[in-house]
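A.B. asks: Spelled out, the chains give:
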Amino acid sequence: MIMMNTLSLTHTVELIRLGRISRKRRWLIVTGILAILTFALCAAMLLLGNTIYPVRDVVAVLAGEEVKGASFAVGTIRLPRMLAGLLAGFAFGISGYIFQTMLRNPLANPNVIGITSGSSAAAVFCIIVLQSSKTVTSIASVIAGLATSLLIYVLSRGKSSFSIGRLILVGIGIQAMCNSMITYLMLIGEEHNLPAAVRWLTGSLNGVRMDELPSLIVTCLILVPLICMLSRPLMMLELGEQAASSLGVRTDPVRIMLIASAVILAAIATAITGPIASVAFLAGPIAVRLAGAGSANSIPAGLVGAVLVLAGDLAGQFAFTTKFPVGIITGIIGAPYLLFLLIKLNRRGDF
Amino acid sequence: MERSRLYPKHFTFILIVTIALFIVCVLASLAFGARWLTLSELMEGLKTLQSDTVTANILEKRWLRTIFGLCCGAALGIAGVLMQSVTRNPLADPSILGVNTGAALFVVCGMAFLRISTPQEYIWFALSGAMFTAIFVFGIGSMGRGGATPLKLVLAGAATTAALSSLITAVMIPRTFVMNQFRFWQVGSVGAGTWDSLLLFLPFLAVGALVAIFCAPGLNALALGEEAARGLGVKTGWLRFVAAFAGVVLCGATTAVAGPIAFVGLLATHVIRLLLGPDLRFLIPMSALSGAVILTGSDVIGRIIGSPGELEVGVVTAFVGAPLLILLAMKVKVRSI
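Heads up: the protein sequence lines correspond to chains V and U, in order.
Taken in order, the first sequence gives residues 7 to 357; the numbers are from the working numbering.
Taken in order, the second sequence gives residues 4 to 340; the numbers are from the working numbering.
If you're looking for bench data, these hints aren't it; they were derived computationally from the structure.
Keep in mind that this is a model prediction, so the values were computed, not measured.
All C-beta atoms in this analysis are idealised placements derived from N, C-alpha and C, irrespective of residue type, glycine included.
Treat the hints with care, as some may be off.
These stretches of chain U come out as covered by chain V in the derived footprint (C-beta under 8 Å, 3 or more residues) [claimed, not checked]: (1) 172-182; (2) 313-321.
A few chain V positions that, by computed beta-carbon distances, are all more than 12 Å from chain U [unchecked claim]: (3) Pro60; (4) Ala76; (5) Leu85; (6) Gln248; (7) Asp258.
All chains, please: the whole structure from these sequences, using the hints.
C.D. replies: This is the structure we're talking about:
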């Protein structure tokens, strides 16, 4: 009898161990494939364009050599565009994943909650009314993003309990105000500022310059390792407040750090590319579906985000006779998924 | 005693205050603008009807704008009441449910592919767009257990709005001529109206308002619940259809002539319901009146703030209405959202 028990116990332990190994293996394979895909898309972004330069020339430009023609096309136009797409996609993906995981709701993401619309409104205000420099614009849009999220959180906390439904409703209200402000600013804006304005409505990589990127690069370098360090507590938070704290997670500091990083990432990325529609919202669920639930999926989510943005931008540039900004492509992909998700949630009776 | 049961509390008082506000708004709308008229100028202009003075010219433009705003506001007010009572949902408003965006998408497609350019053509496209979107959003929002709860409807509306606005931008970007046409239409403004578009709009307003008034007793019964209403002899399915149809026609027609103007219906209905209670026989005409006041008032505010130009009325109503939405979201009980 005792032997049987021991046997089945070792058996169970063995099963758990095997499961863990296979999950780990799946995670590694998926992350590896996503990384390779991202790299391939980055290469495509550098190689493709009006003129297709030989790989040798592109590599030479990247190494810092002067190549006639290619230096300008690749170094000044395509490289910043590729970097902006890569980093912004990564930032949107990770930040969306954090929101969705922490609030345990696939609908929760910086766009629906209205954070990116706060950032956008501030950025448009800086560009059109104050005519301020790029640095001031980025800082203002980050501050506005943080302030908006704080405001939404405070307004939706309510007397008794926190509710995701209320959070979303308040977010929609704030978003309506920000959007109408953007529309108005676009109307009073000078004609030559208007192409920039489309970016603030849908998100676009057009005309990104190298000197805009350092803020995004530095933020990613600081915050992504921090988020990776916090990914175990994040997984425990997904189990619920009480479960997490009984597993030894200091929930409040972890929650605040994660939310702050997610908001800063989304806001900085928005300051450079505009709110690229649906990426933050799509990346998390895709990554979880691919890499499996139950592992820390922030890196895969970031990679999926980057893949979406880069592929969307390539499609926007080359798939149609007109060049579409990336936000249109991702928006059209994302919207049906959002509706599908709503139908699914409604059927399950979550609301 | 009999009288107090027939009319809501303080009805006469509220009616007088609203009418007073209405007159103030009309006068303010006539007086303020790029050039402010003094009271004596205004009186003079209103008394004499000759059309060769500067004042008379200004007044003619402003009369048009004012009447246009009043009609649009009334239509949006009635549409708001109808949608809220048909869905039995305090958050229903054409803009929140995405109906405006649907109308906008159809108009943009018409501009881009069929080269439509006059309000006469806009209106049919806007109406059919509004209709399709309303059916779609209600369909998605009422799936699953519990039927169409406010949160489900709002979310379905927000998602549909997101989807449709992406499509609008995609249609617009390759065609600069559409973009220029659309950029000014999209904000929602009563400044671009003409007597022609007003004449075009009036039949829709009249039919919608009449249908709404005839539906009022039935909708009152519906507010007691589906079964109670049926028990009282109301054909609920038919009633819902007619009332929703009228609501969509009203806001679709408004969108066609003035562009998407948000939150007026929500605002008007809630203020009046707070003051008068839920009886729709009073709610419908009073919401029309207060919708007209709100829209014209917002337009005046927009002209004062944006002077010497103007702040489009759609922007002003969003800033007045969105806080109300937030307030409602905070007050409504968590479970019932």
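A.B. asks: Are the hints correct? Go through all of them and say.
C.D. replies: Do the hints match the structure? See the list:
no., hint, result
1, 172-182, "holds (count 4)"
2, 313-321, "holds (count 5)"
3, Pro60, "32 Å, holds"
4, Ala76, "29 Å, holds"
5, Leu85, "25 Å, holds"
6, Gln248, "19 Å, holds"
7, Asp258, "22 Å, holds"
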